[in-house]
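> Build out the structure end to end from the sequences listed, making use of the hints.
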Amino acid sequence: MYIISALMISAVIALFVGAGLKLSVGNLKANNGRDQRALLAAESGLRYVQSRTAANYGWRADEGLVVNDPDLVIEENNGNIIGLVRASDGQFAQFRIRFNYQDDSAGDADGRPDPAANFRIDSPYVSVNNLLGGSAVPVPRADGPGASVTATSPTPYEVPGGTVCVIVEGRFGPGLSSLSASNLNPPVDGPVTTRILEANLDAAQTPGVDAAAMSAGDMTFELDGNAAVTLSAKDKNQASRLRSRSKIVVQDGGNPNLKSKNGETYTIDGTLQADAEAGVKTQTEDTSTSFYRLEWSDVKKADPAGPSISAGTYVVWDDGTLHYYDMDYNSYVTFIEANPTSVGTIVDNSSLPSGFQFDGSDASKPKFLISGDIHVQATSNNNELNIIPRKGAQEDPPDASGSQTESQMVSSVLSGLSSPDQTGVGAGIYSGPEAARWNIPISGTIPGGEIRAETGSYYSGTWQGVILKEIIPGQAALIVDSGIQPLFSPSIGSDPRGALTNGMTSTFAGTPQLQQILSMILGSGSEMRELNVGSAPATLRADKLKVEFTPPEGQSAILSADGNIRIGANVKGDGGSITSAETIRLVGNGTDLQASIEDGLTLYAKEDVVMSTLKEKNVGSNDWEYKDLKLKGVVYAWGNIEAKLDFNDQSVQKAGKFKLEGTMVAYGGDPSGQPGAGSGGAIDVRAGETEIKYNPAYLLKLDNSPPPGPVKQSLYTVY
Amino acid sequence: MRRHSRAFSLAELLVALALIAVAILSVLALSIAVARGNREGVDKTVGTVVASQVLERLVDQLRADEPVGFKAAFWGGDFTSNPFNTGILTNNKTEYKYEIFARTVTDSSGASLGGSTPDNRLKKVDVTVYWWDSDSETHQGYGDLKVTVSRLISEGEL
Chain H
1 MYIISALMIS
11 AVIALFVGAG
21 LKLSVGNLKA
31 NNGRDQRALL
41 AAESGLRYVQ
51 SRTAANYGWR
61 ADEGLVVNDP
71 DLVIEENNGN
81 IIGLVRASDG
91 QFAQFRIRFN
101 YQDDSAGDAD
111 GRPDPAANFR
121 IDSPYVSVNN
131 LLGGSAVPVP
141 RADGPGASVT
151 ATSPTPYEVP
161 GGTVCVIVEG
171 RFGPGLSSLS
181 ASNLNPPVDG
191 PVTTRILEAN
201 LDAAQTPGVD
211 AAAMSAGDMT
221 FELDGNAAVT
231 LSAKDKNQAS
241 RLRSRSKIVV
251 QDGGNPNLKS
261 KNGETYTIDG
271 TLQADAEAGV
281 KTQTEDTSTS
291 FYRLEWSDVK
301 KADPAGPSIS
311 AGTYVVWDDG
321 TLHYYDMDYN
331 SYVTFIEANP
341 TSVGTIVDNS
351 SLPSGFQFDG
361 SDASKPKFLI
371 SGDIHVQATS
381 NNNELNIIPR
391 KGAQEDPPDA
401 SGSQTESQMV
411 SSVLSGLSSP
421 DQTGVGAGIY
431 SGPEAARWNI
441 PISGTIPGGE
451 IRAETGSYYS
461 GTWQGVILKE
471 IIPGQAALIV
481 DSGIQPLFSP
491 SIGSDPRGAL
501 TNGMTSTFAG
511 TPQLQQILSM
521 ILGSGSEMRE
531 LNVGSAPATL
541 RADKLKVEFT
551 PPEGQSAILS
561 ADGNIRIGAN
571 VKGDGGSITS
581 AETIRLVGNG
591 TDLQASIEDG
601 LTLYAKEDVV
611 MSTLKEKNVG
621 SNDWEYKDLK
631 LKGVVYAWGN
641 IEAKLDFNDQ
651 SVQKAGKFKL
661 EGTMVAYGGD
671 PSGQPGAGSG
681 GAIDVRAGET
691 EIKYNPAYLL
701 KLDNSPPPGP
711 VKQSLYTVY
Chain D
1001 MRRHSRAFSL
1011 AELLVALALI
1021 AVAILSVLAL
1031 SIAVARGNRE
1041 GVDKTVGTVV
1051 ASQVLERLVD
1061 QLRADEPVGF
1071 KAAFWGGDFT
1081 SNPFNTGILT
1091 NNKTEYKYEI
1101 FARTVTDSSG
1111 ASLGGSTPDN
1121 RLKKVDVTVY
1131 WWDSDSETHQ
1141 GYGDLKVTVS
1151 RLISEGEL
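Note that the protein sequences, when read in sequence, are chains H and D. Counting from 1, position 68 in the first sequence corresponds to residue 68 in this note's numbering; the numbering is continuous, with no gaps. Counting from 1, position 98 in the second sequence corresponds to residue 1098 in this note's numbering; the numbering is continuous, with no gaps.
Don't read these hints as lab results, they were simulated from the structure. Possibly wrong hints are sitting among the right ones.
Partial chain D-side listing against chain H, Cβ under 7 Å, derived [as the list claims (entries may be wrong)]: (1) K1044; (2) T1117; (3) K1124.
Chain D regions said to be covered by chain H (calculated; three or more residues, Cβ under 8 Å) [said to hold, decoys possible]: (4) 1097 to 1109; (5) 1146 to 1158.
Since this is a predicted model, take the numbers as computed values, not measurements. Cβ atoms here follow ideal geometry from the backbone N, Cα and C, with glycine treated the same way.
Set out below in structure tokens:
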């Protein structure tokens, strides 16, 4: 009996032990399943942070309810993030991330308010976003009351600059049964499996070093005589740098031609093409670092709803009157050279805003006074602002490339012509037999539909001409025509091209009409030049016309246009700035422009900034000199920056000095992207003595942080 | 004086045996229930592990863009009704059928969470695993043999 009882009891015990063992193995495996879910939740949190930081390196996790879907809820609250991820089987997993030190009662070292009570995270693992930082910062463990970070909290390691350290807590289990979209962070009421995932995510770009000049393309200084580039900083202890994503070249000038006590140059290959002083250090440009960024939307511009002037070309005549033409520059050049006496619309100050006034009382020294923000209001014809004397303004000496003589222009036109498209009857404008026409592309629209360089009387049979007649926009017929009689030599009938050559180089050479025809065919080019206004009185030159910025103290004077801005005058003043959604060209006898410290910006162009200080020593002498150019502030171009204060030609007697205090940036594209991602990006300074002084006081509006971009994982740990 | 001991009566013996039988049967029933519950846990755990493996394999395929165009197809649309991908995975001689669903995560305004930054989208991926041959097959005592796991995949991790 005892044996039977013992066996029975043993069997029952064995059954219990067996069931217990099986249960424990099952629990082990079930725990493993919960581990997986918790880890996947943590992974989800990491990927959320990765996406958010890539979109904005300065992300602060304080945007409230960001995702609110039935199967995914994510909410941010003052640096803490809680997310619920629900699979289609209905079970929620949770991730929690804390950037907040939760230390308002312990010194508030993180400088931000604690999260709401239901967003407090009782975990010691604190994440740190140092994507915009230039140096490493510690990663603390929260060991204070309420899981706060205190002054004595341990900091076991650091996160490098340009990196975010993310520590995510992933949780899953029946203890989170009360999780819901409206209750993201309930107290745990049962078993919960927690996994901690830590990762470093690195920015593709890090902040770059400060510099007095930055160019996505080549940075070139072409110097005159024994001149040199002097590189310095306002703070003598601070390094002054030149940065180029390509190369830096200082050519000609003295030896050394690059002087600096604390200068550094950064180029793509770490070399410098200059006779530099021994103290100048050469470094390799790190293309993962950023340039100064100033996006168009962040540029302080004149308010379009505020005081404005009509877009067009404003021309100052010798008598001190101001004439307005509702035309862009190229159209005006074409028009005025054909119609040199056209007065346009005479403007007086009553039709101009008070912040933009013209003073022609001294006709020998007329000036514009800009004392407030002025927006250039586009018309149906153009969106530019051009201010020039009647004679125009010469940007380059006549011998400079791009400033062609008439004979060169004729050669260019003729070299592009082959056999006529039509000859004889119908080819000319009067259906006479002596005519030939070439169908050619043109630049822009011909005012009035055609331009005629012609002589004689058709009805008496002495007529001959070279004509450009528009067919459709961008296309025209170039016609050489002599009516009935073969007046050209050789005759058009026997040698049409020879007759045209004769007409351009002899019969009509030097006439405004021929220049107009040539300009329409070749384009006026982007350069400014003196204009052929025939015998019209035009002795006023750009060096005698002044555009002066005179804002009251503490106020700004910003000239803003959506199109090009060309100023053929002496530009000067304190607290002024010019912004253009296209190109800025300042051509005249010197520029002395200083930005306000508050705004910092002097010139900003979405295309190029071109400055020339050319002056003809004596009118008609063909002897040229360059005056000095002084800028204080920021000169910023999406494209190129070009300063023309010298030209290597015998006709140029003197180079100008170039002085910049602040910084200049040729970004090479839209600053919202990477430097050099667009077109341009070169800095080209041709000058005598060149002084570049880095002054951070003008850089307040510039953003040295890198543009957002992918962040890549560089460390991954699970514990 | 020696007392004479009395033997169990038949009735006593029957009652004792009945009690022992009831106890044994109760323990057996309990054991079966525990084993069944335990089996469910184990099954779902294995299913979870398999689903996680499918997720990891998906991430690897996206990184390698294998086959070519796989990545573009994944980011090219949402797959909420029809799966982006299906297949069978064998683990310990059991065949697991899986289906992958994915959708782009958007904020409350409907904009992609990654903003305008290129290659910065975020997808929520659900992997559902079935086993024992049929999508609808049930196992005695604990319903469908199906597990679903989810996680976010960022374009930046690929």
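> Using 7 Å as the Cβ threshold, decide whether K1044(D) counts as touching chain H.
6 Å, holds
> Count residues of the segment 1097 to 1109 of chain D with a Cβ under 8 Å from any Cβ of chain H, then say if the count reaches three.
Coverage by chain H holds for the segment 1097 to 1109 of chain D (5 residues, Cβ < 8 Å).
> Taking a Cβ-to-Cβ distance below 8 Å as contact, does the segment 1146 to 1158 of chain D have at least three residues touching chain H?
Coverage by chain H holds for the segment 1146 to 1158 of chain D (12 residues, Cβ < 8 Å).
> Quick check on K1124(D) please, does its C-beta sit within 7 Å of some C-beta on chain H?
Holds, about 5 Å.
> Against chain H, with CB atoms and a cut of 7 Å, does the hint on T1117(D) hold up?
With a minimum Cβ separation of about 5 Å from chain H (threshold 7 Å), the hint on T1117(D) holds.
Hint compliance for this structure: every hint is met.
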